[in-house]
Amino acid sequence: MSKARSAPLRTALIHLALIAYTVVALFPVFLTLVNSFKSRNAIFREPMALPTPSSFSLVGYETVLQQGDFIGYFQNSLIVTVASIALVLLFGAMAAFALSEYRFRGNTLLGLYLALGIMIPIRLGTVAILQGMVAAGLVNTLTSLILVYTAQGLPLAIFILSEFMRTVSDDLKNAGRIDGLSEYSIFFRLVLPLVRPAMATVAVFTMIPIWNDLWFPLILAPGESTKTVTLGAQMFIGQFVTNWNAVLSALSLAILPVMVLYVIFSRQLIRGITSGAVK
Amino acid sequence: MSDTEIADIEAAPIRRSTRWHIAVFLAPAFLVYTAVMILPLIETLRLSLFNMVEGQLAFVGLGNFKVLFSDPRLSADFWNALGNNVIFFIIHMLVQNPVGIAIAAMLSLPGLRFAAFYRSAIFVPTLLSFVIVGFIWKLILSPIWGIAPGLMDLVGLKSFFAPWLGKPDTALITVSLISVWQYVGIPMMLIYAALLNIPDEVLEAAECDGITGWSQFWKIKLPLILPSIGIVSVLTFVGNFNAFDLIYTVQGALAGPNGSTDILGTLLYRTFFGFQNQMGDRSMGATIAAVMFLIILAGVSLYLFVIQRRMRRYQF
Numbered sequence: 001m002s003k004a005r006s007a008p009l010r011t012a013l014i015h016l017a018l019i020a021y022t023v024v025a026l027f028p029v030f031l032t033l034v035n036s037f038k039s040r041n042a043i044f045r046e047p048m049a050l051p052t053p054s055s056f057s058l059v060g061y062e063t064v065l066q067q068g069d070f071i072g073y074f075q076n077s078l079i080v081t082v083a084s085i086a087l088v089l090l091f092g093a094m095a096a097f098a099l100s101e102y103r104f105r106g107n108t109l110l111g112l113y114l115a116l117g118i119m120i121p122i123r124l125g126t127v128a129i130l131q132g133m134v135a136a137g138l139v140n141t142l143t144s145l146i147l148v149y150t151a152q153g154l155p156l157a158i159f160i161l162s163e164f165m166r167t168v169s170d171d172l173k174n175a176g177r178i179d180g181l182s183e184y185s186i187f188f189r190l191v192l193p194l195v196r197p198a199m200a201t202v203a204v205f206t207m208i209p210i211w212n213d214l215w216f217p218l219i220l221a222p223g224e225s226t227k228t229v230t231l232g233a234q235m236f237i238g239q240f241v242t243n244w245n246a247v248l249s250a251l252s253l254a255i256l257p258v259m260v261l262y263v264i265f266s267r268q269l270i271r272g273i274t275s276g277a278v279k
Numbered sequence: 280m281s282d283t284e285i286a287d288i289e290a291a292p293i294r295r296s297t298r299w300h301i302a303v304f305l306a307p308a309f310l311v312y313t314a315v316m317i318l319p320l321i322e323t324l325r326l327s328l329f330n331m332v333e334g335q336l337a338f339v340g341l342g343n344f345k346v347l348f349s350d351p352r353l354s355a356d357f358w359n360a361l362g363n364n365v366i367f368f369i370i371h372m373l374v375q376n377p378v379g380i381a382i383a384a385m386l387s388l389p390g391l392r393f394a395a396f397y398r399s400a401i402f403v404p405t406l407l408s409f410v411i412v413g414f415i416w417k418l419i420l421s422p423i424w425g426i427a428p429g430l431m432d433l434v435g436l437k438s439f440f441a442p443w444l445g446k447p448d449t450a451l452i453t454v455s456l457i458s459v460w461q462y463v464g465i466p467m468m469l470i471y472a473a474l475l476n477i478p479d480e481v482l483e484a485a486e487c488d489g490i491t492g493w494s495q496f497w498k499i500k501l502p503l504i505l506p507s508i509g510i511v512s513v514l515t516f517v518g519n520f521n522a523f524d525l526i527y528t529v530q531g532a533l534a535g536p537n538g539s540t541d542i543l544g545t546l547l548y549r550t551f552f553g554f555q556n557q558m559g560d561r562s563m564g565a566t567i568a569a570v571m572f573l574i575i576l577a578g579v580s581l582y583l584f585v586i587q588r589r590m591r592r593y594q595f
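The listed protein sequences derive, respectively, from chains C and S. Each residue of the first sequence is one higher than the one before, counting from 1 in my numbering. Each residue of the second sequence is one higher than the one before, counting from 280 in my numbering.
One or more of the hints may lead you astray.
[As the list claims (entries may be wrong)] Here chain S is said to cover these stretches of chain C; the calculated rule only asks that three of the stretch's residues, wherever they fall, bring their Cβ under 8 Å from a Cβ of chain S:
1) 41-53
2) 201-213
3) 231-242
[What the hints assert, rightly or not] Which residues of chain C face chain S? A few of them, derived with a C-beta cut under 7 Å, are:
4) Phe97
5) Met119
6) Ile122
7) Gly125
8) Leu147
9) Ala254
10) Pro257
11) Val258
[Claimed, not checked] If you want the footprint, here are the derived chain S segments under chain C, 3+ residues with CB under 8 Å:
12) 340-348
13) 383-390
14) 414-422
15) 520-532
16) 551-563
17) 573-582
No lab work stands behind these hints, which were simulated from the structure alone. Quick caveat: nothing in here was measured; it's all calculated off a predicted structure. Note that beta-carbon positions come from the ideal geometry of N, C-alpha and C, so glycine has one too.
Required output: the full structure, derived from the provided sequences and hints.
Below, the structure is given as structure tokens:
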């Protein structure tokens, strides 16, 4: 039926439009990656050309690895992102389970309270967050970032996951109860595996703003030993404005990990969105 | 899953005297969220009512707000940032969301080949950090490197090229469009999901009535995805009114040229931390954060209590 409906001309036009936008979306990324592998002269003379044997050069990457402590920044970003995602998923799923599974006094109110943070950005509390972190001696530690990002990610995670958990069959859980499983094992062994697509959705939506955030690293952890990749790349650009090889290589390195994580999660992402609460 | 009718008959879980596990499940999320997000928000709102008086932190009531709106330099900065922020938001609503909806509508057509590829590719900019986006667009639009003038030369439009980021009257629009480029993936994904959720029977019924193609989108699909468009608009609003990073990476904390790209986020940063020869001011920072809070709260409430209530929802 769908074949009969789509005239070839219309399909062609749609492909044309989508290809055009895909080019717009990918062109800057392509430009960064391609030019990071070229010599300085080639970058300026032929910015659009692919690296050829004569213009190929890794000098940018060498500068990056010698100058900034990029390996360290990567490590910091990875620790912060992975730890925050893990905490958001664990704490978020636990709270979502409690809200969707049990009836208790204050359930709705608590749900609303926890959902507030979806609409109110945590950034507005920065003044007091900084004060609190200073008082707790957590400034310039990765812990401060992990705490902030966990709090930031929880509201949406709880919202999405609790909608999902409502769809898990009650029969299954009750069968577990009859078999003598504790509430904890019902949660960890029966429910969690079933909501995996939703967890992937939450993981992607949590990961992107954390990995890319500049505000909190700039304010809470600007020290050399706690810099994240995003902040490190920003500082690096400031120092090496004229060394385009180095800057483009630094940017390419910063693109890489987020792409890898996206590829890992993306297959579950759309399934998670379509069957979930974000509709 | 299809167990809903069984679930309805099912009684609530058996009551026990104290169900400690509920508290255990809720406690970690509740504690972190309250301690790191809610209390600091309240504390920031409270701080906006205090200021240094003779070296002591003292309660000044709405004094800070009075200063913010009457001090010639501060109030000029504030109104400039607010105005720019409104333009920033309008450009997102006029460009980002319609483009996102259009792409989603095309992607969701049945039998379209390579749909998964297009979807992933168009989502890529959303994954990138502001640092990357800011710098690469600065390079592309730079008159020195010549990518943009070169490309425009190909289509014979070279004479229209200008250093858009450097001119006060075009800088804000340019930065907004860069932000649109980066975030088109979000409306695309959410609207795409909503479109996929429209049952086939509805569309088949429409076809039987001879409603296809273009008019099917306007008459059938669009009304059905209105709630999603509402959510996308609110997310855009909240995101735009606390945006900071892109402006900071493209134009610096001063949001140049000449403050023409200054929005509330950059103003908050400069006021709170100080920049160059301006001293940081915690109370004034808290005051601006409080004003941003009220603006966002007003927008979200308008949506929740006025727009969303009037919106028709369809159950399938």
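Task: Ascending list of hint numbers which this structure does not respect - done: Violated hints (numbers, rising): 10, 12; every other hint is consistent with the structure.
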